[in-house]
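Novice: Protein chains in written order, with my numbering: chain E, 1 to 111; chain D, 1 to 523; chain B, 1 to 100.
Since the hints were derived computationally from the structure, they do not count as laboratory data. Computed from a predicted model, the values in this text were never measured in an experiment. Fair warning: there could be bad hints in the mix.
[Stated by the list, open to error] Pairs of lysine-lysine, DSS-like flavour, derived with a Cα cap of 25 Å:
{"hint": "1", "chain 1": "E", "residue 1": "K24", "chain 2": "D", "residue 2": "K163"}
{"hint": "2", "chain 1": "D", "residue 1": "K306", "chain 2": "D", "residue 2": "K374"}
{"hint": "3", "chain 1": "D", "residue 1": "K164", "chain 2": "E", "residue 2": "K24"}
[Claimed, not checked] With beta-carbon atoms standing in for the labels, derived distance ranges:
{"hint": "4", "chain 1": "D", "residue 1": "L466", "chain 2": "B", "residue 2": "V62", "range": "44 to 54 Å"}
{"hint": "5", "chain 1": "D", "residue 1": "A512", "chain 2": "E", "residue 2": "A107", "range": "47 to 57 Å"}
{"hint": "6", "chain 1": "D", "residue 1": "L475", "chain 2": "B", "residue 2": "A20", "range": "48 to 58 Å"}
{"hint": "7", "chain 1": "D", "residue 1": "V388", "chain 2": "B", "residue 2": "A20", "range": "16 to 26 Å"}
{"hint": "8", "chain 1": "B", "residue 1": "L77", "chain 2": "D", "residue 2": "Q321", "range": "48 to 58 Å"}
{"hint": "9", "chain 1": "E", "residue 1": "P91", "chain 2": "D", "residue 2": "K380", "range": "39 to 49 Å"}
{"hint": "10", "chain 1": "D", "residue 1": "W437", "chain 2": "B", "residue 2": "L99", "range": "35 to 45 Å"}
{"hint": "11", "chain 1": "D", "residue 1": "A484", "chain 2": "B", "residue 2": "L77", "range": "50 to 60 Å"}
{"hint": "12", "chain 1": "D", "residue 1": "P325", "chain 2": "B", "residue 2": "L77", "range": "26 to 36 Å"}
{"hint": "13", "chain 1": "E", "residue 1": "L50", "chain 2": "B", "residue 2": "L82", "range": "43 to 53 Å"}
{"hint": "14", "chain 1": "B", "residue 1": "L82", "chain 2": "E", "residue 2": "P91", "range": "46 to 56 Å"}
{"hint": "15", "chain 1": "D", "residue 1": "F385", "chain 2": "B", "residue 2": "A20", "range": "52 to 62 Å"}
{"hint": "16", "chain 1": "E", "residue 1": "P46", "chain 2": "D", "residue 2": "T49", "range": "37 to 47 Å"}
{"hint": "17", "chain 1": "D", "residue 1": "A506", "chain 2": "B", "residue 2": "L82", "range": "50 to 60 Å"}
Ideal placement from N, C-alpha and C gives every residue a C-beta, glycine not left out.
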Amino acid sequence: MNASALFASLLLAYAGMLGFCLGKERHWKQLVNPRVPTWLRRLCAPLGGLLLGLAIYASCQVWPGGMAVVGWFGLISLAGFALLLLLPYAPRLAVSLPLLGGLVWAAAALT
Amino acid sequence: MKGSLTQSMSWLHTWCGLLLGWMLFAIFLTGTLAVFDKEINWWMQPELTDQALSPAAAANVAQRWLAERHPGETNWNISLPTARAPDLAVSVGERRRGGGGSGVIHLDPLSGEKIEPRETIGGNFFFHFHYTLHLPRTLGVWAVGFAAMAMLVALISGIIIHKKIFKEFFTFRPAKGQRSWLDAHNASAVLLLPFHLMITYTGLAIFFLLYMPAAVNALYDGDRQAYFRDGQSGQAAEQAPRGEGRASKAVSAPAAPLRPLSEIVSQAEAHYGQGMIGSLAVSNPGRANAQVTARPVLGNRIELTKGEGMLFDGVSGKLIQAPEPSRTSQLTQRVLAGLHFAQFGGYPMRWLYFICGLISCAMIGTGLVLYAVKQRKQAKANLHFLRVVESLNVAVVAGLLLACITLLWGNRLLPAELAARQDWELRLFFGVWALSWLHGWLRKPLSAWREQLMAAALLAISLPVLDLWSAQGTLDVMRLSLLASVASMGLLLGWTVWKVPTVIAARNARSARLGRPAAGASS
Amino acid sequence: MTRSAIQSRSAWPAIAARTALALLGGYAFTYAFTAALARLLPLDPVDAVTAASLLSFVVYLVFMLWVFAAASLRRVLVGVGLTVPLAAIGFWPQLMEVLR
């Protein structure tokens with residue numbers, strides 16, 4: 001079982017959902033520093049979609065064929081749910097998780 | 001008439017969800033547990049050990065034992081050790097359903113001797129309860145099907161009435177009483193919508209002919225066997241759908257030695273993959289017309305291929321019949337069934353299904369509680385009905401959780417040699433569940449919830465302690481994983497139950513300071 | 001159902017009627033619809049049976065939602081009434097046998 005790809009798939013799913021989340025005005029205001037230009041907000045949702053697409057690719061490295069799609073649906077749902085729980089309790093962690101996770105993944109991939 | 005649609009769907013969602021919600025929670029919780037049914041089975045029979053013997057070698061051990069003790073039988077069935085169920089078991093005569101009961105004999109793969117693990121209802125209990133609610137089979141299947149249709153109604157009506165479905169996609173505002181319950185209910189429903197729709201629909205697709213026999217009645221005059229025969233391609237039609245049991249009645253063929261079964265297993269593994277042979281069914285062993293059907297462990301594909309197998313000649317070991325690719329329509333139905341059974345994709349997929357299942361339970365549970373919380377605030381609520389609802393909520397959600405963990409505890413506490421042990425396990429399970437309803441009726445809602453959930457959490461956290469202390473069998477990776485998972489979930493549950501009073505107290509204090517009554521305070 | 005229908009004290013007969021029509025009428029409608037669909041689909045019998053039967057759950061679901069959303073009880077009765085012609089289409093050969 002390709003653990004690295006599974007972890008990557010989960011991270012990408014989360015990052016994608018975060019993108020959709022930040023694309024909404026309510027959450028942008030809640031999570032993003034006011035100094036960041038607001039036109040960037042409109043990039044978030046498309047970027048999120050792109051990341052979800054990459055998540056399917058990663059998912060295909062974990063499971064064959066149709067199973068990858070099933071797994072992907074599960075991963076994006078659970079990633080979205082995790083994001084939902086983090087937002088009220090640990091908003092800074094919610095936003096920085098993709099970066100932190102990415103560092104862990106890169107470190108694991110390089111060793 | 002938009003306004004009217006929302007109102008009618010809102011009414012429908014509330015009543016459908018409430019009245020069937022209790023059944024649905026039980027179905028979803030036991031279904032979620034059934035994802036790990038084989039692992040739970042393994043844990044509940046600690047006398048069994050994983051000898052890490054190859055299935056081929058294990059097949060020979062079984063063959064030797066059966067040839068010594070049951071040479072004259074017309075049917076042998078051998079359950080080979082697999083990744084999720086590393087035990088070796090045999091039975092003779094007609095194939096029978098279910099495990100852990102009489103008729104199945106466990107063998108030690110190394111010594112070839114009989115082992116007698118404790119009789120237990122095992123993880124299979126959760127699986128069986130999930131689709132029958134412990135009712136007689138047909139009635140149970142229909143009841144669950146009815147609940148499944150109600151679930152679909154609740155899902156679609158819920159989508160129709162959720163105006164801000166995209167706006168509130170990631171919205172969860174905790175510690176705000178009714179608002180929080182609604183947020184939790186909406187979020188767990190919307191974020192997992194693909195899962196909910198898929199799992200409910202595919203559940204119905206499994207028993208589709210039982211639920212809707214109209215088409216078979218119209219086109220085949222109700223002859224289901226004819227439909228199944230048409231569904232099989234070419235040569236497969238000659239083979240009986242359930243394989244063995246073609247006990248050759250008067251045809252007594254001359255005696256001929258049965259091929260070593262390890263050879264047949266190896267041949268089958270070449271097709272299905274190593275370690276992927278789940279069982280062997282031998283008909284007429286020791287005779288010239290002996291046949292062996294090698295059945296695969298499910299998991300290489302989504303399609304549910306239960307009952308499929310490779311047919312070999314028992315004397316020559318030659319392949320007679322290989323499984324053929326399914327017809328499109330049959331493939332579709334089997335893929336749908338396979339999506340529900342979740343036997344594919346290995347442990348990562350299994351865990352995805354498990355966690356999604358738990359969140360589904362949370363969706364149903366928050367919905368039930370939301371109704372009670374909302375009603376408590378209404379001036380013209382029917383208080384007697386509300387009491388019934390509140391006590392049922394506790395009993396079905398917290399009580400069932402408590403009963404499930406008690407079953408695991410009971411497995412270690414009930415003596416292994418106890419007569420009618422399975423009946424005692426059932427009594428324990430249903431007894432605790434019944435008591436939880438009584439407790440819910442007598443206590444105030446919040447107290448009942450806290451006490452039952454905390455009891456369940458404590459039992460879950462201390463399960464590893466019980467297991468290690470009672471030292472009733474070898475603790476291998478699978479059993480340790482189960483203990484770790486149960487204990488972790490117990491910790492999470494316990495922590496949540498611990499935090500709730502502080503959250504409520506803080507909210508009450510905040511509202512008191514502002515001179516307002518707290519929302520949903522009496523929950 | 002309109003709000004007034006739900007809130008009025010005499011709502012129970014209307015609710016009971018809609019519920020019965022949705023559950024029982026809906027099943028009857030779905031049964032007939034599935035048989036008719038299976039007969040009309042230009043596929044091999046085994047494939048037609050499988051396709052129609054698997055689709056039946058969606059049909060039943062939509063019908064039930066419609067029963068509760070429909071503006072009047074009369075419309076619902078008309079809908080349930082469609083069961084008869086659909087059953088005739090679905091069970092055409094069996095009907096011929098009986099009439100012979």
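Novice: Does each hint fit the structure? Answer for all of them.
Specialist: Here is how each hint holds up against the structure:
{"no.": "1", "hint": "K24/E x K163/D", "in the structure": "holds, 16 Å"}
{"no.": "2", "hint": "K306/D x K374/D", "in the structure": "violated, 46 Å"}
{"no.": "3", "hint": "K164/D x K24/E", "in the structure": "holds, 13 Å"}
{"no.": "4", "hint": "L466/D x V62/B: 44 to 54 Å", "in the structure": "holds, 51 Å"}
{"no.": "5", "hint": "A512/D x A107/E: 47 to 57 Å", "in the structure": "holds, 50 Å"}
{"no.": "6", "hint": "L475/D x A20/B: 48 to 58 Å", "in the structure": "holds, 56 Å"}
{"no.": "7", "hint": "V388/D x A20/B: 16 to 26 Å", "in the structure": "holds, 24 Å"}
{"no.": "8", "hint": "L77/B x Q321/D: 48 to 58 Å", "in the structure": "holds, 54 Å"}
{"no.": "9", "hint": "P91/E x K380/D: 39 to 49 Å", "in the structure": "holds, 40 Å"}
{"no.": "10", "hint": "W437/D x L99/B: 35 to 45 Å", "in the structure": "violated, 56 Å"}
{"no.": "11", "hint": "A484/D x L77/B: 50 to 60 Å", "in the structure": "holds, 59 Å"}
{"no.": "12", "hint": "P325/D x L77/B: 26 to 36 Å", "in the structure": "violated, 47 Å"}
{"no.": "13", "hint": "L50/E x L82/B: 43 to 53 Å", "in the structure": "holds, 47 Å"}
{"no.": "14", "hint": "L82/B x P91/E: 46 to 56 Å", "in the structure": "holds, 54 Å"}
{"no.": "15", "hint": "F385/D x A20/B: 52 to 62 Å", "in the structure": "violated, 22 Å"}
{"no.": "16", "hint": "P46/E x T49/D: 37 to 47 Å", "in the structure": "violated, 55 Å"}
{"no.": "17", "hint": "A506/D x L82/B: 50 to 60 Å", "in the structure": "holds, 58 Å"}
Hint violations for this structure: numbers 2, 10, 12, 15 and 16, all remaining hints satisfied.
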